[in-house]
Amino acid sequence: MADWWLPRNLFAQRPASKKPERRAIVVTFGGGVRYEDTLAPEGWVNIPHLSSELVPQGIVFPAARHEGLTGHFNSTGALVTGSRQNVDAYGSEPPVTPTIFELFRKERGLPPDEAWVIATNKSFGLMGGSKLRQFGDPYSANVVLPKQLLIKTIKSAVSTNAGPGVEDRQALAERMMLALDEGYEGFGWKVYESGRALSAELRASLAKSLLDYFNDPAAPTSGDELTFFMTKEIMNRFAPSLLLVNFWDIDIAHYGAYSLYLDAIRRTDRLVHELWQHAQSLPSYRDRTTLLVVPEMGRDSDVAGNGFANHRSGDESCRRVWLVALGAGVPTGTGTERPIRTMDVAPTVAQILGFKMPECEGKPLIELV
Amino acid sequence: MQFNAELTGDAAALARTHSELLARLPATVSAFILVELQKWPLLFPPEQQYQRALLDVLSRIPSSELDQSAAGIARIEADAGASRIGERNPARFQDEAQAVLRKRGLFVAWRTEVDGFFQRIDPALEAQLYPADAPRRLIVQIYGREIAVQRDRMWNRFKRTGARVPLDLGGATDAGEFLATVFGAPRSRGAVPPLLNAAWIIEAHDALHALCDSKPSDALTGLSYDRLRSYRDDLTRTLNAKIQSGVESPQAFAAYARSLRITPSPGAMLRADDVLVAFVRDVLLTGNGTMIVNNTFVEWAAAQALRRAQPRMLVTRYGVRDKLKPFSSMIMFSQARPTDHLPVVQDPAGSFIDVEQLSYYVWVNAEKNPAYRGKTLYLFLAEGVDEMLAIGPETGTAPAAKMAPARLEDVCATMARWLDVPIPGGSGRPIAQLIN
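Here the protein sequences line up with chains A and B, keeping their order.
Under this note's numbering, think of the first position of the first sequence as 1, with each following residue one higher.
Under this note's numbering, think of the first position of the second sequence as 370, with each following residue one higher.
The following block holds chain A by itself, in its conformation from the complex (with noise of 0.2 Å):
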């Protein structure tokens, strides 16, 4: 009866915390590729660094499938449950079963800076839990949106004629942090760490990067590329034993502008490369670290779709996707033609974090476990 009206969190389960020894990086090279425009041979050339770089350290899945819905938020939450999903595309609702980061952190008693989802889509701010009573909040991954908090503060930078606009990037830095201050839940973000407010040391962490984003005299200005800098802060300061790394610019081929959907393909793949030299770079993480590329969907085909601009006819090119993964316990230079569903990561990352995952559609990948 009791767990009818009080909170959920009093019922967590409390085993004793135990970090695991092995580390997991999903990626989704994401917001909608198409095979032909990046793993096969005529698209090699829009991923220089996974093709010559990162392939031949790790194994490749040039047959992978998404099934299920062709929405970002049904397409990322089937990769990190795996089992379909047909929820709400603009992810006004949770997953309806549990995430890897629920499972994760619930078998192994670990807290909520040990899994966090990081995402340019600004509508997965409820990617990191399902709401399932065994599950949900307690056991949720935090979730970070960074280029929608982006977006909210240049909406408020110039929705008045008075103050500096977005050209002044210090002041748009300041209004930023203001921003996490007032209530960063605003945003979309559910941050865990202690209570409903941001803890000191996170917010300092985000505040760095955020200044060091637009101190930066390169100025990135992509979605992604802030998603970058707040994944390697994160990464920095809290060592979490699992990732999700939502990129998404490639979704700008919404725009019908093949040249900036192309554009966004050589960004993702050098930020992949970008991250996982970062990941080496860490102690925390090197040799000790998996990584799992996959996108979570295709695009349209031009003749059976409605082209690279969209990804809603759910035809054959809307689901073919490759993965490649890399790192530690992954054999290398090598790959498979064996046909492996995008389902097929949530219950592999289980077995290299040595959790369980019961009751889902997809199978561990036997070549990396």
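Hints may be right or wrong, so weigh each one.
Distance condition first, Cα-Cα at most 25 Å in a straight line; then the derived BS3-like pairs of lysine-lysine [stated by the list, open to error]: (1) B/Lys611 with A/Lys122; (2) B/Lys472 with A/Lys122; (3) B/Lys737 with B/Lys528; (4) A/Lys131 with B/Lys737; (5) A/Lys122 with B/Lys692.
Think of the hints as simulated: they come from the structure by calculation, not from any bench.
Let chain A serve as the given structure and place chain B on it in line with the hints.
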């Protein structure tokens, strides 16, 4: 299921004539037809003809055969509980039915059944709508002068299709002279080029419109992304205001957007009747990126025109798009205040990559359409480039080196002969390899 569609005029008469059929069809199919009939005053003639033909063809199918053909859809509707939807307005019924189909995980199966249903009746429909002796059609796609064309990669998607025709530009290197010669503009520049009299022209900038400004005919349709700037700004402002005031759901926002009646300023369109104004609004609202990227507007508007208006001649002209501005472009519907404006920087190289893909998509869309398939000559031109790509039912695949250079006047004569349009005083000769 009985709907209350509140139809008037021809649409009401058509629904009355086929009331028994509409009641017999699965509710989702019946609702789809009624929603189209509700739009009757804003449909193009080919769309109205399609609805008439659809009801005619369906009504000629014996009842038992029709029931059998639609049984899959009816079964899925029953599984989803669509009969429990009390809504009698067909558009709102559609929304609710789609919602329950998605909720029950039946949407894909339903969609497959609907596709199958229409595939079975398509041959009869197409035979009625697109007879073999239907007139020939022409689609011309032009890359504007400012695009950084890479000759060795031009029309790359058509490597093994069509004929590459060498051109003798005859000194027509600037856009105005090039276009005037290709379309046979009278020397006096006092009248619309005869070839464009009944065409649809859709362009990123307005060089083609400039050829037609003097006395546009009622049959000439022109859409220019640049000339629609104030209309786009008005639309953007209105949508942004709605967002700021709060929207209850994406569906409610879409319904609000569809209901907008914004009038383009004088001169923004060559003609601006209600059907066209609604068409432009829908192009800007339904096409991803059409508000932001000029060439995307051209491609999407062309694809919609091919599908809906089915013009006999369509001319697209692509231009250079601006580079996206950091930060300010992140907020889709808001407009930066003047102090936040960054200088406009053009992207000629990226534009070339874009238009290669977009012009290919226009061709793909035309070839999907039975009105165009097998009856259309496609010409691809780039201003200032002495080569043309031609694809057509009578065109071979001759490499450019095998053909003598054609003058721009010859290109004009080829189009005129294909469409059987006289060009008074025209000096060109049709290119024999492209048409019989």
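Here is how each hint holds up against the structure:
For the suggested pair lysine 611 of chain B and lysine 122 of chain A, the alpha carbons sit about 20 Å apart, so the restraint of at most 25 Å is met. Taken as a hint, the lysine 472 of chain B and lysine 122 of chain A pair is honoured in the structure, with Cα atoms around 23 Å apart against an allowance of 25 Å. Distance restraint check for lysine 737 of chain B and lysine 528 of chain B: the Cα-Cα separation of roughly 20 Å lies within the 25 Å cut-off, and the hinted pair is therefore satisfied. The suggested pairing of lysine 131 of chain A with lysine 737 of chain B is violated, with an alpha-carbon distance near 45 Å, which exceeds 25 Å.
With a C-alpha separation of about 23 Å, the suggested pair lysine 122 of chain A and lysine 692 of chain B falls inside the 25 Å cut-off, and the hint holds.
Comparing the model with each numbered hint stated earlier shows that hint 4 is the single one that does not hold.
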